[in-house]
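Trainee: Residues 38 to 151, numbered by this note's numbering, are exactly what the sequence shown covers, in order.
Source of the hints: derived by calculation from the structure; they are not laboratory data.
All of these numbers come straight from a predicted model, not from anything done at the bench.
C-beta atoms are modelled at their ideal positions from N, C-alpha and C, and glycine is treated no differently.
Be aware that one or more of the hints could be misleading.
Said to hold, decoys possible - Calculated cross-link-like contacts (lysine-lysine; reagent style DSBU-like; alpha-carbon spacing at most 35 Å):
hint : residue 1 : residue 2
1    : 86        : 72
2    : 92        : 72
3    : 65        : 92
4    : 105       : 123
5    : 80        : 92
6    : 72        : 44
7    : 65        : 44
8    : 105       : 92
9    : 92        : 123
10   : 65        : 80
Claimed, not checked - Pairwise CB distance ranges, derived in the manner of DEER restraints:
hint : residue 1 : residue 2 : range
11   : 86        : 120       : 49 to 55 Å
12   : 111       : 71        : 57 to 63 Å
13   : 60        : 90        : 41 to 47 Å
14   : 105       : 141       : 48 to 54 Å
15   : 120       : 150       : 53 to 59 Å
16   : 54        : 94        : 34 to 40 Å
17   : 63        : 89        : 34 to 40 Å
18   : 145       : 117       : 55 to 61 Å
19   : 98        : 77        : 40 to 46 Å
20   : 90        : 54        : 49 to 55 Å
21   : 82        : 62        : 27 to 33 Å
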Amino acid sequence: KTSLQSKEIEFTNSLTSRDEEIFALRAKLEDQEDKVLNANSAKEQELTKEVESIKFQLLQERTSAQHKQDELTSALADALNSNNEKAQEYSSQLATRDEEICTLRAKLEESDQS
């Protein structure tokens with residue numbers, strides 16, 4: 038019996054020792070998993086901040102481009118209006134000169150006839 042009890046105790050001690058190893062390895066694995074999760078979380082936060090920063094920068098650039106486009110559109114409209122006003126003014130001046138030329142030709146023809 039003693040030999041059997043002795044082997045039983047030895048086997049139980051061996052199992053206990055294995056259980057302790059398994060427990061230690063599980064704890065180590067959980068610790069490593071936590072480290073990986075924390076590292077992933079930190080990297081994800083870093084990437085999220087980077088993406089948000091890029092989005093903000095793009096929004097600013099888009100807003101700036103829209104303002105520039107608005108300014109250019111306004112300047113173009115002003116230039117077109119100014120050109121139209123000048124064209125009307127020149128057209129009016131040409132009409133007046135055409136009338137003066139017609140009047141002078143008529144007077145010239147009258148003086149030639151007399």
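Trainee: Compare the structure with each hint and give your call.
Mentor: Status of each hint after checking the structure:
Straight-line distance between C-alpha atoms of residue 86 and residue 72 comes to about 21 Å, which keeps the hinted pair within the 35 Å bound. For the given pair, residue 92 sits about 30 Å from residue 72 by alpha-carbon distance, which is consistent with the 35 Å threshold. Our distance criterion of 35 Å between C-alpha atoms is broken by residue 65 and residue 92, whose separation comes to about 40 Å. Under the criterion of a C-alpha separation no larger than 35 Å, the hint pairing residue 105 with residue 123 is consistent with the structure, at around 27 Å.
Between residue 80 and residue 92 the CA atoms are separated by roughly 18 Å; this keeps the pair inside 35 Å, and the hint holds. Between the alpha carbons of residue 72 and residue 44 the distance comes to roughly 41 Å, so the proposed pair goes past 35 Å and is violated. This hinted pair checks out: residue 65 and residue 44 have alpha carbons roughly 31 Å apart, not beyond 35 Å. For the hint pairing residue 105 with residue 92, the CA-to-CA distance comes to about 20 Å; that is within 35 Å, so the pair holds.
For the hint linking residue 92 to residue 123, the alpha-carbon distance of about 46 Å lies beyond 35 Å, and the restraint is violated. Among the hinted pairs, residue 65 with residue 80 is consistent with the structure: their alpha-carbon atoms are about 22 Å apart, no more than 35 Å. Evaluation of the 49 to 55 Å hint for residue 86 and residue 120 yields a pass: the beta carbon distance comes to about 51 Å. The beta-carbon spacing between residue 111 and residue 71, approximately 59 Å, falls within the hinted interval of 57 to 63 Å.
The hint said 41 to 47 Å for the Cβ distance between residue 60 and residue 90, and at roughly 45 Å that hint holds. Range check, residue 105 to residue 141: Cβ separation about 53 Å, and the 48 to 54 Å hint holds. The hinted range of 53 to 59 Å is not satisfied by residue 120 and residue 150, whose Cβ atoms lie roughly 44 Å apart. Between residue 54 and residue 94, the C-beta spacing of about 60 Å breaks the proposed range 34 to 40 Å.
A beta carbon spacing of about 38 Å between residue 63 and residue 89 agrees with the range 34 to 40 Å that was offered as a hint. About 41 Å separates the C-beta atoms of residue 145 and residue 117, a value inconsistent with the hinted range of 55 to 61 Å. For the pair residue 98 and residue 77, the beta carbons lie near 31 Å from each other, so the given range of 40 to 46 Å is not met. Roughly 54 Å separates the CB atoms of residue 90 and residue 54, a value that falls within the hinted 49 to 55 Å.
Checking the proposed 27 to 33 Å range against residue 82 and residue 62 shows it holds: the Cβ atoms sit about 30 Å from each other.
Of the numbered hints given earlier, the model fails hints 3, 6, 9, 15, 16, 18 and 19; all others are met.
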